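**Student:** What follows is each chain in one-letter form.
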Amino acid sequence: MKHWIKLLPIVSLLFMSVSAQASDKPSVIRFGLVGNAYGKPYTSGPLGYVNEYGLLEKEFAKDGIKIELSYFTGAGPAVNEAIASGLDDFGSVGDLVVVVGKSGGLKVKYILASGGGSNTYIQVNPASGIKTLKDLKGKRIGVNKGTYIHLGLDRILDGVGLKEKDVKLVNLNAGDANNALATNGVDAIASSADRPVVDQGIAKLLYDTRKAPQYQSSPGGLLVSESFAKKYPEITKRVVKVFIKGQYWASQEQNREKQLILGLKTGSSYKNSKDDIADQDLKKKYNPQITASVEKKYLEIEDFALAHGIIRRKFNLDTLFDKSYSEAVLKELGLQNYWEK
Amino acid sequence: MIKNLLHRFALRDKLLALIVPLLVLTLWQSVLSLHLFSELILIPPLTLVSTFIELASSGDLTNNILASLQRVITGFLVGGSLGFILGVVTGLSPFMNRVLKPLIKALQQVPEFAWMPLIILLFGIDELAKVVFVAIGAFYPMLFNTYQGVSGVPKKYQELAWVFDYRRFSYLTKVVIPSALPSIITGIRLSLGLSWMFVVGAELFGADAGLGYMMTWGRQLFQIDIVMVGLIVIGAIGLVMNSLLLIIEKRLLSWRIAFDGRTL
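Sequence lines, in order, name chains A and B. Using the working numbering, you'd call the opening residue of the first sequence number 35 and step up by one each time. Using the working numbering, you'd call the opening residue of the second sequence number 359 and step up by one each time.
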């Protein structure tokens with residue numbers, strides 16, 4: 035018994051050192067991702083590549099850190115909720131989701147720009163009598179609120195002198211929106227490139243932003259919860275490194291076709307996805323740097339969202355961005371001059 | 359003396375009713391102070407007060423309450439009327455009761471939200487679908503309470519009606535309905551209460567106005583304070599509705615005290 039008591043301080047010290055070591059790294063890193071439009075647990079683009087080849091799992095396997103990927107059918111707004119309630123450490127979301135989350139007081143940092151130029155498509159039911167964008171006035175439009183498509187729609191409406199209050203917005207996810215459009219539940223929907231109801235000849239494509247970059251999305255971002263980044267800065271940097279590797283792969287023209295093939299897993303149409311990015315420069319699209327242009331775009335989104343009642347209060351954009359991780363990783367990978375600044 | 363005592367008890371009851379909400383508020387604030395939940399998810403009470411004022415002064419809250427009330431009243435009138443008619447028919451006719459009861463009982467086992475996909479396929483996501491959803495909620499309590507009241511009309515009343523040589527319609531209006539009234543009124547109260555609960559569910563999907571819509575909107579745009587204000591307003595309106603119906607029920611049935619000496 036006395037021997038045990040003598041050993042107690044040593045055991046305590048050992049235990050403390052193990053605890054200290056354990057706090058250097060998490061046992062699991064949790065990511066909130068936007069599943070594709072139909073809720074399948076796949077993504078396209080750089081993240082599709084990262085997931086397909088298990089790059090995150092490989093990066094952290096040697097540390098015994100597990101990777102948890104949650105795909106939310108509720109899109110970006112659900113990712114914000116998951117981070118707010120401490121269920122996710124990282125979130126990969128679209129531009130409006132970032133602004134909405136930060137305006138709501140979400141304690142996150144935007145540490146990587148991750149793919150902009152996403153298009154918004156306006157599909158209409160022929161029975162609605164809508165022939166032009168101005169005809170949308172007073173009509174019921176299905177859209178997944180709080181997403182980049184919601185912002186795209188508001189900007190398109192703004193372009194023809196309409197406000198959100200001039201139409202009736204109905205909150206619907208992609209699958210429900212398609213059903214509602216087909217059954218006359220709504221007059222129009224705003225969506226991503228997927229348009230199965232149009233492909234089946236039931237609805238018509240009224241407008242899309244492929245030729246209107248001013249209405250395309252700004253770069254979405256990789257968000258990290260402030261507490262995680264503060265506690266595990268090195269781990270955060272390694273996560274950024276994996277994501278940048280994915281963006282480097284996706285930025286190369288020779289991988290365009292491979293990206294489209296990977297995107298098939300999400301359930302999206304090959305043709306529509308191909309047409310969607312046909313005119314886009316992949317290197318520009320997947321630029322991971324938080325440039326002055328990105329910051330300016332977010333300032334514009336914040337002002338637009340406030341003016342259009344999407345957010346209720348402004349926030350300081352300086353508290354959003356943290357370039358330190360991406361700058362360090364780009365230097366480490368020798369890619370600091372690969373993308374345009 | 360007795361009056362004073364009664365007053366004292368009434369006051370005590372009112373004070374007791376305040377204790378639980380106060381405890382909930384204290385627990386709410388303690389949970390926030392201990393950082394057990396993020397303030398972004400469990401919004402501080404004072405923030406909710408300012409959000410409530412903001413929504414009320416902008417007119418958003420009133421518009422959404424009115425949109426929900428309109429759906430509740432329509433759905434209640436449709437579902438409640440159907441429930442009432444079927445309740446009378448099955449209550450009066452043992453044959454119809456035997457025929458319809460198994461089907462009604464089987465359909466009652468289907469959870470309300472399980473109807474949603476079928477309702478959407480049949481009626482789309484328009485106003486009609488929402489009214490049907492509310493009507494389903496209103497239907498069952500009205501049906502069962504009406505049935506209970508009508509089938510429970512004492513035999514002596516039936517004999518009396520036979521003595522007075524009442525025709526079918528007079529028997530229904532002068533004997534059956536008045537006798538079943540307490541049960542029918544309970545049915546109306548429960549039916550309206552459930553309609554109010556179901557309207558929120560109906561509006562969570564594909565609405566462009568209403569309290570359920572307001573809450574979904576708040577959730578999508580990460581404005582959880584709006585979601586919580588919505589919850590509180592729904593609870594408060596439900597409570598007011600129930601209290602008003604209880605008062606009406608007491609007034610309408612005051613004759614029972616004089617009639618058979620029983621208080622309600």
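Just so you know, the hints here were simulated from the structure itself, not pulled from any lab data. Note that the structure is a prediction, hence the values are computed from the model and not measured. Cβ coordinates follow ideal geometry from the N, Cα and C atoms, glycine included. Misleading hints may appear alongside valid ones.
[Stated by the list, open to error] So, partial list: chain B residues that the calculated Cβ filter (under 10 Å) puts toward chain A: (1) Leu-461; (2) Ala-464; (3) Leu-465; (4) Gln-466; (5) Gln-467; (6) Val-468; (7) Gly-559.
[Stated by the list, open to error] With a cut-off of at most 16 Å between alpha-carbon atoms, the simulated EDC-like pairs for lysine to aspartate or glutamate come out as follows: (8) A:Lys-173 / B:Glu-412; (9) A:Lys-199 / A:Asp-233; (10) A:Lys-199 / B:Asp-418; (11) A:Lys-202 / B:Asp-566; (12) A:Lys-141 / B:Glu-397; (13) A:Lys-308 / A:Asp-337; (14) A:Lys-271 / A:Glu-86; (15) A:Lys-299 / A:Asp-97; (16) A:Lys-171 / B:Asp-566; (17) A:Lys-202 / B:Glu-485; (18) A:Lys-202 / B:Glu-397; (19) A:Lys-308 / A:Asp-210; (20) A:Lys-96 / A:Glu-268; (21) A:Lys-348 / A:Glu-361; (22) A:Lys-305 / A:Glu-260; (23) A:Lys-245 / B:Glu-485; (24) A:Lys-264 / A:Asp-58; (25) A:Lys-317 / A:Glu-291; (26) A:Lys-275 / A:Glu-91; (27) A:Lys-292 / A:Asp-97; (28) A:Lys-330 / A:Glu-291; (29) A:Lys-173 / B:Glu-607; (30) A:Lys-375 / A:Asp-352; (31) A:Lys-357 / A:Glu-260; (32) A:Lys-197 / A:Glu-291; (33) A:Lys-100 / A:Asp-58; (34) A:Lys-275 / A:Asp-210; (35) A:Lys-292 / A:Glu-91; (36) A:Lys-173 / B:Glu-397; (37) A:Lys-199 / B:Asp-566; (38) A:Lys-357 / A:Glu-334; (39) A:Lys-74 / A:Glu-93; (40) A:Lys-319 / A:Asp-356.
**Student:** Against each hint, give a clear statement of whether it holds in the structure.
**Tutor:** Comparing the hints with the structure gives:
no.	hint	result
1	Leu-461	violated, 28 Å
2	Ala-464	violated, 28 Å
3	Leu-465	violated, 24 Å
4	Gln-466	violated, 28 Å
5	Gln-467	violated, 27 Å
6	Val-468	violated, 21 Å
7	Gly-559	violated, 15 Å
8	A:Lys-173 / B:Glu-412	violated, 27 Å
9	A:Lys-199 / A:Asp-233	violated, 30 Å
10	A:Lys-199 / B:Asp-418	holds, 12 Å
11	A:Lys-202 / B:Asp-566	holds, 6 Å
12	A:Lys-141 / B:Glu-397	holds, 11 Å
13	A:Lys-308 / A:Asp-337	violated, 33 Å
14	A:Lys-271 / A:Glu-86	violated, 21 Å
15	A:Lys-299 / A:Asp-97	violated, 30 Å
16	A:Lys-171 / B:Asp-566	holds, 14 Å
17	A:Lys-202 / B:Glu-485	holds, 13 Å
18	A:Lys-202 / B:Glu-397	violated, 32 Å
19	A:Lys-308 / A:Asp-210	violated, 24 Å
20	A:Lys-96 / A:Glu-268	holds, 15 Å
21	A:Lys-348 / A:Glu-361	violated, 27 Å
22	A:Lys-305 / A:Glu-260	violated, 40 Å
23	A:Lys-245 / B:Glu-485	violated, 37 Å
24	A:Lys-264 / A:Asp-58	holds, 11 Å
25	A:Lys-317 / A:Glu-291	holds, 15 Å
26	A:Lys-275 / A:Glu-91	holds, 13 Å
27	A:Lys-292 / A:Asp-97	violated, 31 Å
28	A:Lys-330 / A:Glu-291	violated, 32 Å
29	A:Lys-173 / B:Glu-607	violated, 43 Å
30	A:Lys-375 / A:Asp-352	violated, 19 Å
31	A:Lys-357 / A:Glu-260	holds, 14 Å
32	A:Lys-197 / A:Glu-291	violated, 39 Å
33	A:Lys-100 / A:Asp-58	holds, 15 Å
34	A:Lys-275 / A:Asp-210	violated, 36 Å
35	A:Lys-292 / A:Glu-91	violated, 21 Å
36	A:Lys-173 / B:Glu-397	violated, 37 Å
37	A:Lys-199 / B:Asp-566	holds, 11 Å
38	A:Lys-357 / A:Glu-334	violated, 19 Å
39	A:Lys-74 / A:Glu-93	violated, 24 Å
40	A:Lys-319 / A:Asp-356	violated, 20 Å
Going down the numbered hints, you'll see the structure goes against 1, 2, 3, 4, 5, 6, 7, 8, 9, 13, 14, 15, 18, 19, 21, 22, 23, 27, 28, 29, 30, 32, 34, 35, 36, 38, 39 and 40, while the others check out.
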